[in-house]
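K.L.:
The lines below spell out each chain.
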Amino acid sequence: MTELYVLLAAMLIAALVAIEIRDLLAAAVALGIVGFSVAIMFILLQAPDLAIVQIVVETMTVVFFAAVILRTTNVDGTLPGGFTRSMVFPAAMYGIFGVLFLVAVGRALGALPAFGSPTMLVAGQYIALGLERTGAANVVAAIILDFRGYDTLGEATVLFTAVVGVLTITRRAGRKERLGGGES
Amino acid sequence: MIALFACMLLLLIGLYAVVTKRNIIRIIIGFSLVEYAVNLFFALVGFKRNGIPPIITELGQSRSNFVDPVPQALVLTAIVIGLATTALMLALAMRIYEKYRTFDITEIRRLKG
Amino acid sequence: MRGMSPIVQVIARLLAGMLFLFGTYVVLHGHLTPGGGFAGGVLIAAAFILMSLAFGSVEQTERNSYTLSSVIESLGGVLFVSLALAGYAAGTFFFQNAAVYGTGTPLKLISGGIILPANIAIGIKVGAGLFAIFLALGASRFVMKD
Numbered sequence: 001m002t003e004l005y006v007l008l009a010a011m012l013i014a015a016l017v018a019i020e021i022r023d024l025l026a027a028a029v030a031l032g033i034v035g036f037s038v039a040i041m042f043i044l045l046q047a048p049d050l051a052i053v054q055i056v057v058e059t060m061t062v063v064f065f066a067a068v069i070l071r072t073t074n075v076d077g078t079l080p081g082g083f084t085r086s087m088v089f090p091a092a093m094y095g096i097f098g099v100l101f102l103v104a105v106g107r108a109l110g111a112l113p114a115f116g117s118p119t120m121l122v123a124g125q126y127i128a129l130g131l132e133r134t135g136a137a138n139v140v141a142a143i144i145l146d147f148r149g150y151d152t153l154g155e156a157t158v159l160f161t162a163v164v165g166v167l168t169i170t171r172r173a174g175r176k177e178r179l180g181g182g183e184s
Numbered sequence: 001m002i003a004l005f006a007c008m009l010l011l012l013i014g015l016y017a018v019v020t021k022r023n024i025i026r027i028i029i030g031f032s033l034v035e036y037a038v039n040l041f042f043a044l045v046g047f048k049r050n051g052i053p054p055i056i057t058e059l060g061q062s063r064s065n066f067v068d069p070v071p072q073a074l075v076l077t078a079i080v081i082g083l084a085t086t087a088l089m090l091a092l093a094m095r096i097y098e099k100y101r102t103f104d105i106t107e108i109r110r111l112k113g
Numbered sequence: 001m002r003g004m005s006p007i008v009q010v011i012a013r014l015l016a017g018m019l020f021l022f023g024t025y026v027v028l029h030g031h032l033t034p035g036g037g038f039a040g041g042v043l044i045a046a047a048f049i050l051m052s053l054a055f056g057s058v059e060q061t062e063r064n065s066y067t068l069s070s071v072i073e074s075l076g077g078v079l080f081v082s083l084a085l086a087g088y089a090a091g092t093f094f095f096q097n098a099a100v101y102g103t104g105t106p107l108k109l110i111s112g113g114i115i116l117p118a119n120i121a122i123g124i125k126v127g128a129g130l131f132a133i134f135l136a137l138g139a140s141r142f143v144m145k146d
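Chains as they are written, first to last, in my numbering: chain X, 1 to 184; chain C, 1 to 113; chain D, 1 to 146.
Excised from the complex, chain X in its bound form:
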């Protein structure tokens, strides 16, 4: 499992680069590195369905970021040159919040089953009945389309809403410019 820890370290370094680097296009590429590390970790965690979806979705995310950045601007004009005084207070407050959050996470993780041995109360039923009830050999596909089909219906609705939202937001704003102030 040492590959898992190496990938986690690479992921954290790339995340820090993505939020601190000055050029926005380089930040999008660093986000791509984080996504690929997560995809390889999905393979190491024996989840091939998730790895396929994560690789293609993360590539599409970087393509969408690049489409927006190349059409607008790729220089981040808001980063101060050095380490100014106005950055100290938010960073310190967030540091205190981060420490408290990690303490709470530590106590919560103590209540979970140990890493590497899940209890699988619900999944035991699905694995045992999957092939006989649904006839599908891929247990994950049987779960998302038969046992928990409502979640997939909800996801289809969210995707539809997002497409409608994007098409509405980027619609050309009326015909005022062409008709010279006629109808809107």
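There may be inaccurate statements among the hints.
Straight line, CA to CA, 25 Å or less: simulated SDA-like cross-link-like pairs of lysine to any residue [unchecked claim]:
1. 48/C x 36/X
2. 21/C x 102/X
3. 21/C x 66/X
Chain C side only, calculated, beta carbon under 8 Å to chain D, not exhaustive [stated by the list, open to error]:
4. 78
5. 80
6. 94
Since the hints were made in silico from the structure, they are not lab data. Think of the CB as a built atom: it goes at the ideal place given N, C-alpha and C, for glycine as much as any other residue.
Once you have looked at the hints, place chains C and D on chain X.
P.N.:
Coordinates of chains C and D only, in the frame set by chain X:
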């Protein structure tokens, strides 16, 4: 255990970008990092040592070594939904740039109307 | 965006064909191998995006073609919901699987009842939806880049 802590650290880094940064594109990058961290956390919780992927390849195969398939089923749709919401946020950011000519959120607050 | 050099266009033509074929394979075998509707749908969208980027038609995209993509995406969604409503037609619950179609022989292509048509519907929906989002982000007419 260290892997779960590292996942929470990635979530904290993304949340830091959402709360502190002033450029809208960096805020959207922070949201993406939070989504990756949450999906990774689910997959880590469902992991079983020396497990095999939950796919039946021949009849009569022993299924006692499968990793937990329920978190994988939940994360599968969450990844695609994350892409859809990131695209929606990027469309809004493009509209804001068209109207205000800047990505700086303090400038946008001052140039109201 | 004017399109890319001829080398990129030749390679893009080959690659887009193979991407589309592989995406359809992943969608159709979703109940036997890892993948399914979501992964295959995103691969199909990637094939279309590669073609439109390499041949430079993103800038000249008329509004009709991303209207067509969103209509196809809505048809995919309608197909998915009508498959779920087919449970009512057979007299059982919403989304009922094996009572409507029968399970078929396991580990073959025609198996799993409603899972194969549902994967196809989701593949159409996700693929067309993501292509419509890309066209709207990349080709909508703004006053940009003074």
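K.L.:
Give me the numbers of the hints this structure contradicts, sorted from smallest to largest.
P.N.:
Hint 4 is the one this structure does not satisfy, whereas the remaining hints hold.
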